[in-house]
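What follows is each chain in one-letter form.
There are 2 protein chains.
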Amino acid sequence: MENFSMANPVKIIFGKDMIKEIANEIPQGSKVLLTYGGGSIKKNEVYDQVVKALSGFEWYEFSGIEPNPHYETCMKAVALIKEKDIDFLLSVGGGSVLDATKFIAAAVCFDDGDPGKILKGGKIKKALPFGDVITLPATGSEMNNGAVITRAETQEKLSFGSSLTYPKFSILDPTVTYSLPPRQTGNGVVDAFVHVMEQYLTYYEGDSLLQDNMAEAIVRTLVTVGPKALEEPTNYDVRANLMWASTWALNGWIACGVPQDWATHMIGHELTAFYGLDHAQTLAIVLPGIMTVLKDQKGKKIKRLGKEVFGIEGDDAIDRTIKAVENFFESMGVKTHLSDYNLNDEAITKVTERLASRGWKLGECQNITPDVVKEVLTLRK
Amino acid sequence: MENFSMANPVKIIFGKDMIKEIANEIPQGSKVLLTYGGGSIKKNEVYDQVVKALSGFEWYEFSGIEPNPHYETCMKAVALIKEKDIDFLLSVGGGSVLDATKFIAAAVCFDDGDPGKILKGGKIKKALPFGDVITLPATGSEMNNGAVITRAETQEKLSFGSSLTYPKFSILDPTVTYSLPPRQTGNGVVDAFVHVMEQYLTYYEGDSLLQDNMAEAIVRTLVTVGPKALEEPTNYDVRANLMWASTWALNGWIACGVPQDWATHMIGHELTAFYGLDHAQTLAIVLPGIMTVLKDQKGKKIKRLGKEVFGIEGDDAIDRTIKAVENFFESMGVKTHLSDYNLNDEAITKVTERLASRGWKLGECQNITPDVVKEVLTLRK
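Note that the protein sequences, when read in sequence, are chains A and B. Count along the first sequence from 1, add 432, and you get the number used in the numbering used here. Count along the second sequence from 1, add 432, and you get the number used in the numbering used here.
The set of hints was computed from the structure by calculation and includes no laboratory data. Where hints are given, some of them may not hold.
Heads up, the list lumps identical chains together, so a pair's fine if it works in one copy or across two of them.
Straight-line alpha carbon distances no greater than 20 angstroms define the calculated SDA-like cross-link-like pairs of lysine to any residue that follow [unchecked claim]:
#, residue 1, residue 2
1, LYS739, THR656
2, LYS452, GLU434
3, LYS474, SER611
4, LYS514, LYS557
5, LYS484, SER594
6, LYS452, ALA439
7, LYS600, ALA439
Nothing here was measured: the structure is a model prediction, and the numbers come from that model.
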């Protein structure tokens, strides 16, 4: 096990009818900006519950935050915050709204020129406090300090994080997920599954038993409740376990003391940036390719995944486990090949060239060069 | 799954050679009180490392904190803190030293008369900040806000907790556990195992899949590495996994959204208060009795434990699982019957009468009355 330091101060408020707790969590007298996306929260009554909870506060709203939120959109919220002298942010929506809110919170306080520098490693020294109501189990953003922002003008998805960008509180009410379209439920399960894989499916085997067991606990939960969430979208315990497992897939604790991969995400980000695929769609394409091309390096862990999560043992366990992962994605309604999205060799070339231009070597051993990326994507045509 | 609210802000600093990080975690200019126990930290060089890390601070020390720490001892530290105007506490030792430090931190700031009231439900409104170097994996105190204090004059073990009594940081260096006597290693494993059981082995089955899977992840780790820690006391990864799993056994996360039992602990506390048994010894006596007497109520969960952790299925799975738990405790060198400690019917009577005098009904269904306690302990003669 490797050395680590970790604190995760997020207060989780979990369960039905918990949105009203907003009123007890935001400091009295705060001027609040409610941030949200395209308006789905107005259809499922979440907006009404939030507005009711905010009744004692002076508050404003900023809507229109898109999936894969844009830097340019965030900067409009920054201007509004400065104009109204707002001092607390409340994100209501999925991971995209929350990621945008994290960036906005940091950008408002950024005093070293263009806040775009935050996306290129600029240090965050201060951020507005914020909380959230999460409406889509997927990204884990509700219990971590990271975020991914898109620069539309350059077609780049860029990430950042800081100890100052943890939510003060996150409200997780499983009932608000009852009305999610199947596509979003499926995407969320795939996203959470791959988050665990990025922290678990490495060359590391045998030295981090607790982390491995915990990672498998999360994945086993996702594999059990994911398909049920499609079949029984209003089953409370199914939705609750899915929501809580998605949070745990990326709250930082299973990453402690172990190497991490993240190549699937980095390659996937380029597919979204160029072609607008859903984030989870890109992951479902890339991960089976990474597992196949790196099966020597990751073989012991793939076998462990197969045995502990899918019940696969014996001959060809590695290949059958990779197939089981692909089948699981497909069972969640997320297609796993480039051709399913009408992408071809051009996409492979563009993604490979972009990564080459950055000079990135990906994966836990930094051995996923552009040539390896090309091999991975070619397998996924 | 039940509703819950939870935050755990403790910063964990984990790994070899991490004790020096104290210097970066205690605010500059603090006046520090180092609290510790009987001096074992002077034999294994932990004390020297701590003193070196404190070189930039004005600091004092308070030693002699006993296992099952006494209120009376804690109050001596409170007097010293007031005399020296100390504003940060640093606990170096096992769970007893840390529990005492939590009480001291709260008692110094208690402004509603006798600080003993804290042990009877008195509200903690303020506490001194504190950190710790934990030297014995067992209690989980390093990542929770609870503590147990003994009042010597009345032979009572009493617990308390507050959002103000979380450590600011906890340093977990597995190498400091290399020199633990086997008895303390064994006790620690049993303590951590039973912590998980108090949060897992209830009537609740099927609604809290993630919590169940995570509880099993922790227990599976303890069952794998516990015996190895006795065989290979200086194996780093074994000690690291044991230390980290013990922390997770009682950091609050697996208790979220599920009912909790704690009868084994409450009964065990009385055996320690009257007869001075090690805390883990009392748990090893009581738990198999609780499982046996409550096998109807807890049967589904006992079967799940048997299958997922001990690989037991089929006929008599419940009885064989109870036996497997008992055998595991014995394999850790912790005896499981009252007669092993020269206790007899008198002990059963005293414990039962004490619990009857308090009017407590224990367990997740509050159905463990004094009569049931008598039945449990009679089975464990």
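Structure-based check of each hint:
no., hint, in the structure
1, LYS739 <-> THR656, "both (15 angstroms within a copy, 17 angstroms between copies)"
2, LYS452 <-> GLU434, "between (41 angstroms within a copy, 17 angstroms between copies)"
3, LYS474 <-> SER611, "within (12 angstroms within a copy, 61 angstroms between copies)"
4, LYS514 <-> LYS557, "within (18 angstroms within a copy, 36 angstroms between copies)"
5, LYS484 <-> SER594, "neither (31 angstroms within a copy, 30 angstroms between copies)"
6, LYS452 <-> ALA439, "between (27 angstroms within a copy, 18 angstroms between copies)"
7, LYS600 <-> ALA439, "both (13 angstroms within a copy, 10 angstroms between copies)"
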